[in-house]
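Residue numbers (full-length UniProt numbering), protein chains in the order written: chain H, 1 to 316; chain F, 1 to 344.
Don't read these hints as lab results, they were simulated from the structure.
The C-beta atom is built at its ideal place from N, Cα and C for all residues, glycine as well.
Hints should not be assumed to be uniformly reliable.
Claimed, not checked - Pulled a few chain F residues facing chain H out of the computed Cβ check, cut under 8 Å:
| id | residue |
| --- | --- |
| 1 | Asp9 |
| 2 | Lys90 |
| 3 | Met161 |
| 4 | Ser181 |
As the list claims (entries may be wrong) - Which bits of chain H does chain F cover? Going by a derived footprint, with three or more residues having C-beta under 8 Å, they are:
| id | region |
| --- | --- |
| 5 | 41-55 |
| 6 | 144-154 |
| 7 | 157-167 |
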Amino acid sequence: MPFMPVKFNLQKRVKLAQGLWMLYWLSVIVGIVIFSLGIFFKIELRKRSELMDNNESHLVPNLLILVGALACAINAFGGKVCHDSLDPMKFTKWKPMLKPYLLTCCSFNVLLLLTALLCFLMQFAVYLTLAEGLKNGIKFYKDTDTPGRCFMKRTLDMTQIEFRCCGNNNYRDWFEVQWISNRYLDMSNDEVKDRVFSNVEGKFLMDSVPFSCCNPGSPRPCIQHHLTNNSAHYDYDHRTEELNIWTHGCREALFSYYSSMMNSMGALIIITILLELEVLSLERTQEKFFSFKSRSSQQHSSSKLTSELKHTTLIA
Amino acid sequence: MALMLVKFDLKKRVKLAQTVWFMYWFAVMAGVLVFSMGLFFKIELRKRSELMDNNESHILPNLLIFMGLIACGINAFGGKVCYDSLDPTKFVKWKPMLKTFLVFCVVFNALLIVTALMCFVMKIPLQFTLSEGLKNGMRYYKDTDTPGRCYMKRTLDLMQMEFRCCGNDHYRDWFEIQWVSNRYLDFSAKEVKDRLGSNVDGQYLMDGVPFSCCNPSSPRPCIQMQMTNNSAHYSYDHYTEELNVWKRGCREALLSYYGGMMNTIGALVFLITLLEVAVTVGLQYVDTSLSTLANPEDPESESEGWILEKTVKETFTDIMAKMKATGKGGKVEEGGEEGVATVS
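Looking at chain H on its own, in the form it has when it is part of the complex (with noise of 0.2 Å):
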């Protein structure tokens, strides 16, 4: 019995092809929009490979990439195919490759699947780059003359002004690093000796953000240093002051940009794969009556050859 027979003539017949040639066109429609949000999410994560420590994987745009040229020449093959199956005479030298062919896209939607849980499950992935890289970011922040790091403080500052954050959890990830070069410290000073001293490490902490934590919606004008010491300021308590400085982290910014942007790529393929299973049956579909045709007309044309024959042996 075979799975979901359906009767067909001439008319629907037509009507089959044509709706199956336009599914194929949104098919290479869409396969184009997979291969760009590859290509910008491959420049994305470029951009801010140095807050990913240069180590972040690139196999989801990648693999995007590789599945939207896919798609797109799948289904270009498929539409030229569907064009032509109209026309018997051309559709006879495509009949020989459509079983390879439907094989093809059956393991292509697997690619897709594949694709899916990936754009899914990577997130983690760039989470823990992201929490590492961030880290790292801080702490080089004033090796602006060192060969490889020397951008690493305007990057860090144009993201903490784009993403509006400060810090890798909260701006006080800032008190625990140095995040000002030795190039800049009067070390004869006492003040600087003292802080030096403070610590095991002999680093210069202070309590104070650099200017690009800075909110511009804040009332008053930004409040980068000594932020914990109410005195220093006037009418200033650090407890309530809320928008004085980003209080969000930029990890938990960064994450939440890129997790979107991988989600709603996921969501596309899903919806990739459940166009690509019904242009994938509809494809069938065509193919099972085309080859009952082939077979009707065979035993039509060599029952007639039957009837030439006894017709001639009559006559002789």
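Keeping the supplied structure of chain H fixed, place chain F upon it in accordance with the hints.
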């Protein structure tokens, strides 16, 4: 002698109509482009209207939106006429309207040229509005508790960060105004009282700038306070320090942004004017070639097409004569009656 006379047979006429129809669809898209450019410019002006004292002139974006809509309408109508010109029965209903429509197109093209010129000319009033608005913006920076100005600080900070600029002409503009609100000044402190007493207006002036002037590319953490005091910071010379704060003034930055936008829009409108002139000429050829068929019953007969029936000078004198005739119409009738009375 007609201006730029061209002979047409059926094949040439069909080709002409098809080309002009195709060009009309491009022109419709061009109209949509003008409309969206006007809309974009209007949004950009509104976004920063606070920095322009809320009295920036919206005449140019409104004009662009209006012209874009009219262009879409005119070109869609022209395309329909061209499409119908291939079928004589359909073209007959459009024929009486064509002359007026063509005159309207010519007037529209003249208006488009005026719009393009305005795009380049309106930069001057914008420059004045910007400089006035930015000066006031900086003055109201501290008034975050005054209704109507409470977002000036945020707008100015975001603008300085986005356009990488500081102050009106340069960062020293911030030294001349009090940008810290009195709410956050301890009037019992000696230092504050000294500063207030040191100038005529009793303002708290300092050689410091807001944080939004800081340049992230600077190798050292931003120095925003006591900027002219070299001894206040280690290894710092404010004469040679270049990367610390943004050097450009915001008026220059905003003007170059808006100026670039207006130049681009002006150039595009000028190119679209050329396209409109081309389609108007094309439609004139379609109209004249279908009106001068050698044998009106036979659609395959030859015909001629032109831009103007007579030379430019003759057409101009004709128009002037017609206008004078309509003006003198009343006087001629009175004179005729008197003459008739004298004769009899």
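request  = Let me know if the C-beta of F/Asp9 comes in closer than 8 Å to any C-beta of chain H, holds or violated.
outcome  = Not OK, violated: F/Asp9 not within 8 Å of chain H, min 38 Å.
task = Go check the region 157-167 of chain H versus chain F for me, would you? Three or more residues, Cβ under 8 Å, otherwise it fails.
result = holds (count 3)
F/Lys90 as chain H interface residue, shortest Cβ-Cβ below 8 Å = violated (31 Å)
inquiry  = Is the interface hint satisfied for F/Met161? The criterion is a beta-carbon contact with chain H at less than 8 Å.
reply    = holds (6 Å)
task = Go check the region 41-55 of chain H versus chain F for me, would you? Three or more residues, Cβ under 8 Å, otherwise it fails.
result = violated (count 0)
key: Interface hint outcome for F/Ser181 [beta carbon to chain H under 8 Å]   = Check passed: Cβ of F/Ser181 comes within 7 Å of chain H, closer than 8 Å.
ask   = How does the coverage statement for the region 144-154 of chain H fare against chain F, requiring three or more residues with Cβ below 8 Å from a Cβ of that chain?
value = It holds, with 5 qualifying residues against the three required.
When each numbered hint is compared with the structure, violations occur for hints 1, 2 and 5.
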